[in-house]
Amino acid sequence: MNARPQRTHKSGPRPPSLGSNLWTLLALLVLLGLSAGSALLRLGPFNTVANLGIAVIKALLVLTIFMRLKTDNALLRIVASVGFAWLAVMIALGLADVLTRTPLLPPW
Amino acid sequence: MSTVELPLPRSYLEEGFGLRSWLLTHDHKRIGVLYGLGITFFFFLGGLAAALIRWELVTPAGDLLSAETYNKAFTFHGVVMVWFFLIPSIPSTLGNFLLPLMIGARDVAFPRLNLFSWYLYMVGGIFTLACLLLGGVDTGWTFYTPFSTMFSNSHVLMAVVGVFIVGFSSIFTGLNFIVTIHTLRAPGMTWMRLPLFVWAMYAVALVMVLATPVLAMTLSLIGLERLFGVGIFDPALGGDPVLFQHFFWFYSHPAVYIMILPAMGLVSELITHGARRRIFGYKFMVYAIIGIAVVGFLVWGHHMFVAGQSMYASIVFSILSFIIAVPSAIKVFNWTATLYKGDISFDAPMLYALGFVGLFMLGGLTGLFLAATALDVNLTDTYFVVAHFHYIMVGGAVMAYLGGIHYWWPKITGRMYSEAWARFAAILMFFGFNLTFFPQYILGVEGMPRRYHEYLPQFQVWNVLSSAGATILGVAYLLPLLYLAWSLRHGARAGPNPWDATGLEWQTASPPPPHNFDVTPTVTEGPYAYRR
Amino acid sequence: MNARTHPVPEQFDDPVQQREAATLGMWAFLATEILFFGVLFAGYTLCRVRFPEAFAEASRHTDMLLGTIETAVLLTSSCAVALSVREVQLGGRRLATALLGVTALLGISFLVMHGFEYYAEYQEGLIPSIHYTQQGVYAHGMAIFYCLYYFITGFHSIHVTIGVVLMGVMGWRTWHGAFDQDYHTPLELTALYWHLVDIVWIFVYPVIYLVGRAG
Ligand SMILES: [Cu+2]
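Protein chains in written order, with full-length UniProt numbering: chain H, 1 to 108; chain P, 1 to 532; chain D, 1 to 215.
Honestly, I wouldn't trust all of these hints.
Covered by chain H, according to a simulated footprint, are these stretches of chain P (three or more residues, beta-carbon under 8 Å) [to be verified]:
hint	stretch
1	288-301
2	309-319
Restraint-style ranges between C-beta atoms, simulated for each label pair [as the list claims (entries may be wrong)]:
hint	chain 1	residue 1	chain 2	residue 2	range
3	P	LEU227	H	LEU41	32 to 42 Å
4	P	LYS283	D	MET113	54 to 64 Å
5	D	GLN135	H	LEU52	28 to 38 Å
6	P	GLU14	D	TRP172	33 to 43 Å
7	H	LYS70	D	ILE162	24 to 34 Å
8	H	ILE78	D	TYR119	42 to 52 Å
9	H	PRO106	D	ILE130	31 to 41 Å
10	H	GLY33	D	TYR119	22 to 32 Å
11	H	ARG14	P	PHE322	47 to 57 Å
12	P	VAL461	H	PRO106	34 to 44 Å
13	D	GLU124	H	ARG42	18 to 28 Å
14	P	PHE151	H	LEU95	22 to 32 Å
15	D	SER109	P	LEU19	44 to 54 Å
Everything labelled a hint here was simulated from the structure, so no lab data went into it.
All C-beta atoms, glycine included, are put in the ideal place defined by N, C-alpha and C.
Working from the sequences, and respecting the hints, build out all of it.
Following this line, the structure appears as structure tokens:
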């Protein structure tokens, strides 16, 4: 019934070491502290940039280490990126509207 | 896994005859048939609403339906036809049935999830029917805010819940297709050997998975706003109704491609077979399918040129909408080139396919009128728009769906239908369709607005023609129901490959055995290996 | 059911193909979750552009300390569930179950803390349509911020609740030896789901709690 030979190996990528998991957690908590601290400084628009930048780094850490995208199948990295990319499209084209709206005066 | 040496039932239809064996089946073929029954029911229900609309519009006065009832009729027509017929039509019936067969798999990757999708579809349908029985909904299928959240006194919540649920049905179907195509292809079935129908299913699954969650959340927001009277979409409370339109069309423009991409893939199968030629430019066809799926996500703003969207954003959306015509045109050129010097037979599936190409082209080209910002201001909310999208959805998607049903009918049921009746129905349908919808282009250009139950007397001639066409179209749609049902009992038995067609689905018995293939096939060449 | 006797469903050739399909399916589902929540984040972005000051003012009314603690709790829980999967892959059972228990408890404590936040906001009159007492020029903009806040955190809390239940189920199955080095896909998929819920919160934290704190 099966044309392919049976493959048997331990399923999934090898787990990351205990150390890398714990270091990731530490990094995440430090980044959390950094973003809380930077929010209290007067940086103008850079407050938002710093906060979102830190959030992106945190998300990438979770994605690559905890969710193992670094070692798992490349296809999964593509699927994850597509999800975020489509969201970026929605926000970017939506902003293209909201940021450039001009009040249209009636012609009379 | 070892081969189980039991006497296997001969076909998937003979695997069990009780209701239980159908309602608890995990077989993708049976689930495809279940979907087929569901969408046929909803198609005729939605058609009934369309009949009411056309009947009302025979005379300029609003005499048959009151304004409210008319609003409910076109809303019901839209909701049912979009979410309960067009979106699941080709993917959930023919796609479910054929996808595993075409790639040489025993089933989809997640058969239980597949059955669950069908149940979600039915539960969503029950909510929509309940909404109708309670008195219906009058917002139009687009549920525009703030009317749907603040002002409408009809059963918006019920309708929204129904559509929300059916949305998850299409998410899970899409997810299942993506995983199936990635992991369950038979040995030798490389990506560039996939039939174009499978490519279309892949593209449509991507769109379903990436667009439908946006619809689900947007509908949830409508529900929450309506329940609590809060307003991120309500201008009176500082909200932004255009924001709703952004979210809604982020889903609903790609939803057009959920309807038309499967039709394009399907027609590629019909045309190669009907002309007995390889598809012209296979790779370009593949890139065009994927291109349409991706660029289709970038054009949604063309529905909002007059909604208060920034004109700079409108320019961007307009240009992107013109760009998406390119891959669509590539497909039309390649179908035409495939026909050139082909050994064309005008059997029923081919008639449907040729009808599709012509009507899709007309619908697509009038789409360019509407993508042009200046012209759109004039044509928005007129019958020109109605005619345009019916050419794509009815002339395109429904013609292709019916062509596919005829082409694979012997595979699904093991019986041949009456060719003469099938040709007659196809030609009648083409005629009736054009008589119904071409006058609406003219009405639109002359300025008749859509969604009113009355109109100025000067529009009556074209409206009478359109209603007459709709009557013919209705008869033409009933015909296949009759002669296909007749064939179930009296049709000649079909062999495994009655059309002498290529493709793995024709290499197994008709109807196929429960697990599709006795031996998993090995693929050694690309699709459409016809004589030329 | 013992892991060693776990049968491969008939549509798959072997366990490797089965795992590939399951993880791909889960990631595709996570992509839909990203877009599901994404609508709310997009809505937030487009509204914040229209009401920057009101959003900053509204954000200052949220509880930054609790928010920060909640973030830390979720990050830690993510690490715990990742370690649990690792433990199962290395053949452990007791520690893996305990780590799943820790994850579930952290999730519950997150929900409890959030409940306190909601209660405080209710008393302060910050819940549009239920108890909203804000006045002045920013009232409308703040109401929109708080609508989005309740939609986002509400849907997120539903996801956390589902996650806690799943952790309980997975803990029970792990304890009874349903998973081992060769077969642990359900546990892996549950962990992926939990991590995604965590990622959503990673973005909730700066956009809800940290706007206009320096002002
Ligand atoms: Cu569109």
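So, going through the hints one by one against the coordinates:
| no. | hint | in the structure |
| --- | --- | --- |
| 1 | 288-301 | holds (count 4) |
| 2 | 309-319 | holds (count 7) |
| 3 | P:LEU227 - H:LEU41: 32 to 42 Å | holds (41 Å) |
| 4 | P:LYS283 - D:MET113: 54 to 64 Å | holds (55 Å) |
| 5 | D:GLN135 - H:LEU52: 28 to 38 Å | holds (31 Å) |
| 6 | P:GLU14 - D:TRP172: 33 to 43 Å | holds (41 Å) |
| 7 | H:LYS70 - D:ILE162: 24 to 34 Å | holds (27 Å) |
| 8 | H:ILE78 - D:TYR119: 42 to 52 Å | holds (43 Å) |
| 9 | H:PRO106 - D:ILE130: 31 to 41 Å | holds (39 Å) |
| 10 | H:GLY33 - D:TYR119: 22 to 32 Å | holds (27 Å) |
| 11 | H:ARG14 - P:PHE322: 47 to 57 Å | holds (50 Å) |
| 12 | P:VAL461 - H:PRO106: 34 to 44 Å | holds (36 Å) |
| 13 | D:GLU124 - H:ARG42: 18 to 28 Å | holds (26 Å) |
| 14 | P:PHE151 - H:LEU95: 22 to 32 Å | holds (29 Å) |
| 15 | D:SER109 - P:LEU19: 44 to 54 Å | holds (48 Å) |
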